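Visitor: Spelled out from the first residue to the last, the chains are:
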Amino acid sequence: MKKVYVNEDWCLGCHLCEYYCSFANSGESNMIKAFNKGKKTTPRIVVEEGSAINFAVQCRHCDDPLCVKGCISGALSIQNGIILVDDTKCVGCYTCVLSCPYGCIVTDHEKVIKKCDLCASNSGTPACVQGCPNAAIVFEERS
Amino acid sequence: MLKREGEIRIPSGCAISGFINRSGKRVNGGEIVKSISYMHDRSNGLGGGFAGYGIYPEYKDLYAFHVFYENSQSREETERFLEKHFDIVNLSRIPTRKHKNITHEPLIWRYFLNPLPTKLAASQLDEKEYIVQSVININIKIDGAYVFSSGKNMGVFKAVGFPEDVGEFYRLDEYAGYAWTAHGRYPTNTPGWWGGAHPFALLDYTIVHNGEISSYDANRRFVEMFGYKCTLLTDTEVITYIIDLLNRKHELSLEDVCKVIAAPFWSKIDTLPEKEKAKYIHLRNMFASLLITGPFSIILGFEGGLMALNDRLKLRSMVAAEKGDTVYIASEECAIRAICPEVDRIWYPKGGEPIIVTLNKGGDK
Amino acid sequence: MNYLIIGNSSAAIGAVEGIRQVDSTNPITIISDEPHHTYGRPLISYWLEGKLSDEKMFYRPQNFYEKNNCKLLLGTKVTAIDIEAQVVQLQDTSFIEYDKLLIATGSRPLMPPVPGLEQVKNKFSFMTYDDAKAIKAILKPDSKVLIIGAGLIGLKAAEGITKTTSDITVVDLADRILPSILDSEAAQIIQKHMEQKDIRFILNNRVDSFSSDTATLSSGETLDFDLVIVAVGVRPNVELAKEAGLAVNRGILLDESCKTSDANIYAAGDCTESMDITTGEQKILALLPNAYMQGEVAGICMAGGQKTYTHAIPMNAIGFFGLHMITAGTYDGEAVVTHSNESFKKLVFKDNVLKGYMMIGDVKRAGIYTSLIKEQVSVSKLDLELLHSKPQMMLFDKARRLEKLGGVHNEN
Amino acid sequence: MIDFLYPDYEIIRNEKRCITCKVCARQCANEVHAYDEELDCMVADEKNCVNCQRCVSLCPTRALKIVKTNNVFKENANWPQVLITEAYRQAATGGVLLSSMGNPQPYPVYWDKILINASQVTNPSIDPLREPMETQTFLGKKPQTVKFDKEGNLLSESYPHLKLEVPFMFSAMSYGSISKNAHESLARAATELGTFYNTGEGGLHEDFYKYGEHTIVQVASGRFGVHKKYLEAGAAIEIKMGQGAKPGIGGHLPGIKVGEDVSKTRMIPQGTDAISPAPHHDIYSIEDLRQLIFSLKEATHYEKPVIVKIAAVHNVAAIASGIARSGADIISIDGYRGGTGAAPTRIRDNVGIPIELALAAVDARLRDEGIRNEVSIVVGGSIRSASDAVKAIALGADAIYLGTAALLALGCHLCRSCHGAKCNWGIATQRPDLVKRLNPEIGYERLVNLIHAWDHEVKEMMGGMGINSIEALRGNRLMLRGIGLSEKELEILGIAHAGE
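Chains as they are written, first to last, in this note's numbering: chain G, 1 to 143; chain C, 1 to 365; chain R, 1 to 412; chain U, 1 to 500.
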């Protein structure tokens, strides 16, 4: 299955992936609207910054996902290999936050939880991959 | 003021025709005139010419120079030069007949001659090179003189006019040869100059050519590194020099000459067996600038044979036929059928693949 | 092959999904004494609060049993297991045969022996959908509610009813709320937050006796109430197992494949004991993720597959009135505590590994800490400064990151 | 103290569009942009802006543009603002002015005054989509004889040569002046394209020996990184006698660019300036060059062609003739617009001659002397497009060296600040955080694309001329016409005027 991978050798820590992610999930038709008037919208991808190393992290879409197994409401499920959250069922207990070994379940005040769905609800190549200026984020099949 | 050959490069379309009898049987020149006449529309009256091989059996060991003179001063000067360097066995005007379509004719003279042995030895050149240098000398240095044929037992006859008229003018029906080539010219902007008509000749090499090569200046600048001087700026001239350089000086076979001027594509060379591959890579690398591109169909006449070749994409028409011992080549089939209605075989040679026909052993030399 | 599952909650569902990973055809029978389609047990407080509608209570979609070829016997109680005959007996004395059996009977609330409690009419536990429904049926805006027990269940119950009534008192014997998972500093933060929402706490105290609408505390104080919710703890439902002759301690004893002492019987969930790797002790870890994963391992193994359940730890994620907390592991060791803004974090290290943590407020990416505990990663290999500052993948070295995040294998 | 230096550019930020994502601030190595917390907006100080366009390029909402400042000094036709500013700068530092990349002054560009022919009516153009169209090129001394034995086996000598599948190579750019990722991009692209890149004078990084078959190793006056294994690693060896951007002087790599890897590759101490002497101190005359050529051939068993690279200077034709007679297999001529990672401004902008004239003169001279077959001619500095390349080949070049164009493919915006070592595009820098901005995976693909595109355009133009192999274009000056050129210029170029 194609997944999003980040090659930290090429990640510049520019954070554009976060902005493209937020925009893609904002439902807005352009980026300026998505961030209008300082609106901060939490991305589903997180850039970690070090002194010389940066990389972005987002849901690994594990084959054996602890988040799905631990979910108390059945809001998290795997569909065609993609781990999805049903917003209407999630109660915000954060058991998934507790469980995810990569820290990829995102919390904020807009929704109970957010997570990467590989832009399945958008279209085609994930927005973070498209927006990465250095091809550090790729969408590909890896064994 | 329109410029003539040598002052400007003139593109032209053309008709070519030629045939050879392998057993050396000499055929009346009227045949080739008839053949080329059937392609009248491929010429525009601005140039026609012929080359005949085996036409001077009585002088076959002498070089036959055909020369145009614009005036008698140039003739006198040329003859002084010839007398100084050659033993002239015979000289005369070339017989012509008046023709209403052939006008402004220059003085047309013929010399049968051999190099003076002392001069030849002093030049440290081989005999052929001596001839070539002498011809170039006359053509460049003597204003108004132009040697247009210089081989043995062969001759070129050319003029401004339609080829069939030129044939009549030169009374070709009074000659017989084992091989003939003919050319009808369709230049695009010239008033026509007799020297610029085809065939172009050097020694016994003659070329009739239909096409316009796009590699001209690359070819020209390369051959000029080896002592040639392209004074006419015509394709035919440069092709003749290329063949002279490769065939006479580098001693490449005519087949290999064709592999230089219409080289196989790299993609083809890559698929050949090692030995051939090495050879063709060597040829293409060494003679890179002698590759001829753009459309051409040529008939090369040489002592004892004809060779016909198309460019490697076959961008010009050329058809060949065979009947008994005779092989015909022409721009159009009609030119062959005109003189040989029932052929044994007729075919369209592929681009880059030469037809080389030589006299059978024992054929007339 | 014929699978039988007693129970219909997370462990049972985990088992169904486990079996179906290996065996897509053989029939599964599920017996539950509850009358409901499988529902998320911890959701009852959210339902009570009105956050969830009935149809969102379900743990799995409506077509779950059908899709997984499960026969469902709801409202049915198993009365005995005959391990020799490989049958279970139902309350109507009929028998059901099994080739492989899963016991996922869960636990039940503990009722403390307080004088007068038996006579209290409006007393409830808070374990089941039906409990929640019963409470809702009787709860009125002016209801005075007394909750016995300041553990997770008690406090979730308090949150669940707070929109309906504001007169809520929580009594606990311990000196702090959530005593089993928080230290006093952390407990204080939660308590304060809940008190701001008008929940009243009486700690270090107990109800000595009840009358029908009054409780008398050991301090002598009396409390009027309209209803009592008892949430002092749970007891595993191990009786069936014990009577069938299976090895049982406090909970049913299992090997790593969740098999009991009988080769054809497995067990999972709150009725079992797991090995807490942070202490090395066998204990009951009554947690939903734990139940599911045990159930899944049991299911896979019942169907002939191979999988083990080994990395169990106590852990909880919960929030009260928007304040989130996540805890995991145990707290015996050297603690590193950080406060920032309204957040609290405590990391506990022992023997060079992270043993436990508490995070309140900012719980972002806590799972990275959880994984350190579960995988018993030696902290000497990690960047401690980064480890202390926040959960992040950066604290691993490059090779480890590549392995975890990318499957990128360097050429060298 | 007042320095009299004013920003050259202004950054125009469309506040309505800016979403404060801070990518401009994060990506500007010159620290022009910053986020102001108090104002909650981005602010800029253009003083250090070099107009590299990195911020403009990455801004996700296109909120940025950089414009030339319209702050002007009092107009003076004799003293343009740039000369005044340079005087200020030198008055402050006492130093030689440094610049990078090629000469940007408005001298004539002869490429733009030459037009290409096409077939009409009398001969057909050739469609490269339908017919084979060959651009494969051999570089090196041509065989002088062709002889076969009785079995038809080739007996003739052959000389070491380079086979190029396209008539382009990447010109010398040293590791040090450009980054490792830039080198990797070039090396991989050359390999994929079946052509060659050139190490420049900085040695060959150990990771890139594997691309040796597509590498030209350079030997310059500093001899940085030159050792036996290095010479053996490449497909050809280039002796750098001069560089178009700075004829007459040696290279200068600022110590700031000499990090651990560069130091190891160049075999010099970390942090020291790498200064190549102006001449090779073992070459004070043409016969010395011959000795070096044969030393290098000896060292590599006469298996590799030797290239001699010279800057286009006034008597370039005579120099080239001398080189052709010195045993070199290939002469590379670098025009005065050729790039550099650092050169004194006055030299870059005032020394040398245009490559068009140099090439025409050299090709004609070698033909006049009948020695054109002794050497191949490779030209660079600066060929800017496929049409420039076609013109160069028709003037007589065998192949083209691309430097600046290759850097453009890698993202260079010609801000000409390479000597500052803070290239925001990860090309002319050694700062790890900047170097990683050039992902060779992208870089190599863009190089391959560029060359494929140019090769295709060359083929299209060839087809238009009725030529289907590049050999027939080489030196085919009849295919060129000058426009707006003087008799003298036409004479030097060896072409007729348009309309003739």
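Treat the hints as calculated values from the structure; they're not laboratory data.
Note that this is a predicted model, so its numbers are computed, not measured.
Backbone N, C-alpha and C fix where the C-beta goes; we use that ideal spot for every residue, glycine too.
Among the clues, some could well be false.
[Unchecked claim] Distance windows between CB atoms, simulated:
1) R:339 x U:87: 58 to 66 Å
2) C:358 x U:446: 50 to 58 Å
3) G:40 x U:432: 58 to 66 Å
Visitor: Would you say the C-beta atoms of residue 358 (chain C) and residue 446 (chain U) sit inside 50 to 58 Å of each other?
Guide: holds, 57 Å
Visitor: Measuring from beta carbon to beta carbon, are residue 339 (chain R) and residue 87 (chain U) in 58 to 66 Å?
Guide: holds, 60 Å
Visitor: Please check whether residue 40 (chain G) and residue 432 (chain U) have a Cβ separation lying inside 58 to 66 Å.
Guide: violated, 31 Å
Going down the numbered hints, you'll see the structure goes against just number 3.
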